[in-house]
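Number of protein chains: 2
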Amino acid sequence: MASEFDLIARYFTRATPSARLGVGDDAALIVPQAGFELAISADMLVAGTHFLPDADPAALGHKALAVNLSDLAAMGARPRWALLSLSLPQADEAWLAQFSSGFLALAAEHGVELIGGDTTRGPLNLSVTILGEVESGRALRRDAARVGDDIWVSGELGGAALGLQQLLGERQLEAAELEACLARLHRPVPRVALGRALLGLAHAAIDISDGLLADLGHILERSRLGAEIRLAELPLAAAVVRRLPEPLALRAALAGGDDYELCFTAPAGCAAEIQAAAAAVGVPVARVGRITAEAGLKLFDAEGRSMPLREAGFDHFAGR
Amino acid sequence: MASEFDLIARYFTRATPSARLGVGDDAALIVPQAGFELAISADMLVAGTHFLPDADPAALGHKALAVNLSDLAAMGARPRWALLSLSLPQADEAWLAQFSSGFLALAAEHGVELIGGDTTRGPLNLSVTILGEVESGRALRRDAARVGDDIWVSGELGGAALGLQQLLGERQLEAAELEACLARLHRPVPRVALGRALLGLAHAAIDISDGLLADLGHILERSRLGAEIRLAELPLAAAVVRRLPEPLALRAALAGGDDYELCFTAPAGCAAEIQAAAAAVGVPVARVGRITAEAGLKLFDAEGRSMPLREAGFDHFAGR
Chain C
1 MASEFDLIAR YFTRATPSAR LGVGDDAALI VPQAGFELAI SADMLVAGTH FLPDADPAAL
61 GHKALAVNLS DLAAMGARPR WALLSLSLPQ ADEAWLAQFS SGFLALAAEH GVELIGGDTT
121 RGPLNLSVTI LGEVESGRAL RRDAARVGDD IWVSGELGGA ALGLQQLLGE RQLEAAELEA
181 CLARLHRPVP RVALGRALLG LAHAAIDISD GLLADLGHIL ERSRLGAEIR LAELPLAAAV
241 VRRLPEPLAL RAALAGGDDY ELCFTAPAGC AAEIQAAAAA VGVPVARVGR ITAEAGLKLF
301 DAEGRSMPLR EAGFDHFAGR
Chain V
1 MASEFDLIAR YFTRATPSAR LGVGDDAALI VPQAGFELAI SADMLVAGTH FLPDADPAAL
61 GHKALAVNLS DLAAMGARPR WALLSLSLPQ ADEAWLAQFS SGFLALAAEH GVELIGGDTT
121 RGPLNLSVTI LGEVESGRAL RRDAARVGDD IWVSGELGGA ALGLQQLLGE RQLEAAELEA
181 CLARLHRPVP RVALGRALLG LAHAAIDISD GLLADLGHIL ERSRLGAEIR LAELPLAAAV
241 VRRLPEPLAL RAALAGGDDY ELCFTAPAGC AAEIQAAAAA VGVPVARVGR ITAEAGLKLF
301 DAEGRSMPLR EAGFDHFAGR
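Here the protein sequences line up with chains C and V, keeping their order.
Numbering follows our numbering, in which position 318 of the first sequence is assigned residue number 318; successive positions increment by one, without gaps.
Numbering follows our numbering, in which position 27 of the second sequence is assigned residue number 27; successive positions increment by one, without gaps.
What the hints contain is simulated information worked out from the structure, not anything from laboratory work.
Being a predicted model, the structure only gives us computed values, none of them experimental.
Some clues are possibly wrong.
To be verified - Covered stretches of chain V (in silico footprint by chain C; criterion: 3 or more residues with CB under 8 Å from a CB of chain C, positions within the stretch not fixed):
1) 71 to 81
2) 226 to 234
3) 257 to 269
Said to hold, decoys possible - A few chain V residues that face chain C, going by a derived Cβ cut-off under 7 Å, partial list only:
4) 25
5) 38
6) 98
Virtual Cβ for every residue (Gly too), placed ideally from N, Cα, C.
So that you can see chain C by itself, here it is in the shape it has in the complex (with noise of 0.2 Å):
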């Protein structure tokens, strides 16, 4: 007996001409490419939590993807297949409609396949699984990063965060920035083709989910290294430099989070071909900092003076 939920599923139903058995049975059966190693990674999204319960359907079905793409695109992976298991408060068909739209089209866009999932009743929750192929022991891993690397960063970084502010009704934003701010929120960019471009250049990399700090924080704990940023040459937003005075721009870029840009490390010596691999798929890169042997984080301004943590107002991170 097909219940609602059961016939909702089928708003999820593609082809899955690359799995050797898709939708439809107790499991999905896949072959992954000799010669290579399959990333896998799972992130959910909670209503109250994540976003807010009105969220645009099409734009909530586009990040539940995009998150997941996102950390592929950190391991340096191509992205294959994915799983979605759907908690939904009723059975709203306009609302499943939207959601798969924004689903399947940024699957689509990077041909992925949705081989299974779960569909049930309860508070609302989009849980993905993402799966994707990186060349055997060519993972750009959290904990390769080398004393001296560089420091990169993708795209631009704290207009999520700007537009959450304005949602909060913290902030009185232009329509241009608003637009602006509320797509990075809502419709962040997973920088897939950057991840690959980055295979055999870049060293370590993760994606900017928790903010800068956070997050390079995470390659220094497994590198077990430390690191300088230099503020001056941190990408803001356009937005976040216009409406924001610099300690708080600041801390939109170093703290603000769901930007999903790319933060790599690479050999000193790379800048010119990283400029390259970058500019060939479109995406600015920002050469921050480097890698240093001494544990911690340091700040350092246009001048090129140290800011201690405290004093720039990260007294959480200081003590890393």
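Position chain V against the provided structure of chain C, taking the given hints into account.
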């Protein structure tokens, strides 16, 4: 900055020697064996829909993994890796300790390594993705039943449904019966070894999560065939036979669900081999019917009389 949920996620961190890279990066990295297909499935359990919010956390941990292992069992796949995404109303360490002990004990029993997932705040939701390996081209698929196949069922049916009826106050079971039925309901035993033993013997298979009629119905639908079931051959749980009048006992077995036994089809000449394979892994199996070319599902009583589905109380299935 590690949140309370990051800290709690450490309850689930165990060594993952069979993964190239386990928990702690943007994605885990695995390499399936050459000559095998990767079987992947996801199931989501939600408080209030699949279990009561005050359910025993150790049993929940067991069940969240067991229902996923059961999907791999139904493919004949060997479980290898799992991802667990958890949404929790609060960071309750005692609850987490018990939940993780139940989950990890069953994982260890099946050699499953937990290689990723997510932990966040929100209404209680347990979302598991399971990965296993099956010899290429040999998985037990729903679409592989053939005309003349015997239909088999493992273990016994109806116990979980009877346990649920007791929880809902509809029955008064004795202590021993109650314990057996609640164990079926709360700590289902996935038939992984049986699924593996059936490779090369069985044609189609499915796990019985929604009741025999619904789940066999999925095999018939995907194989475009029909079936006859001999009601007297159904392996009813002992408490079901003792406590329920025959029509309700049949209903518990046919439509009760949550038993997580396997239903499978195999060539008619293979009965002795099937019995031997099942005996070798210590699981009883019963031959309960056969696959027919004529579409639809027919029930027969002990005297061989056809019992219309409507008369037997299964209007929902009569239209297949």
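Holds or violated: residue 98 (chain V) as interface residue toward chain C, Cβ cutoff 7 Å? Violated, because the Cβ-Cβ distance from residue 98 (chain V) to chain C comes to roughly 21 Å (cut-off 7 Å).
Satisfaction of the residue 25 (chain V) interface hint, Cβ to chain C closer than 7 Å: Interface hint status for residue 25 (chain V): holds (5 Å vs cutoff 7 Å).
Tell me whether the statement that chain C covers the region 226 to 234 of chain V is true, taking a Cβ distance below 8 Å and needing three residues at minimum. violated (count 0)
Are 3 or more residues of the region 257 to 269 of chain V near chain C, judged by a Cβ distance of less than 8 Å? violated (count 0)
Under 8 Å between beta-carbons, do enough residues of the region 71 to 81 of chain V, three at least, approach chain C for the coverage claim to hold? holds (count 6)
Against chain C, is residue 38 (chain V) within 7 Å by beta-carbon distance? At 5 Å from the nearest chain C Cβ, residue 38 (chain V) passes the 7 Å test, so the hint holds.
Hint check: violations occur at hints 2, 3, 6; the rest are consistent with the structure.
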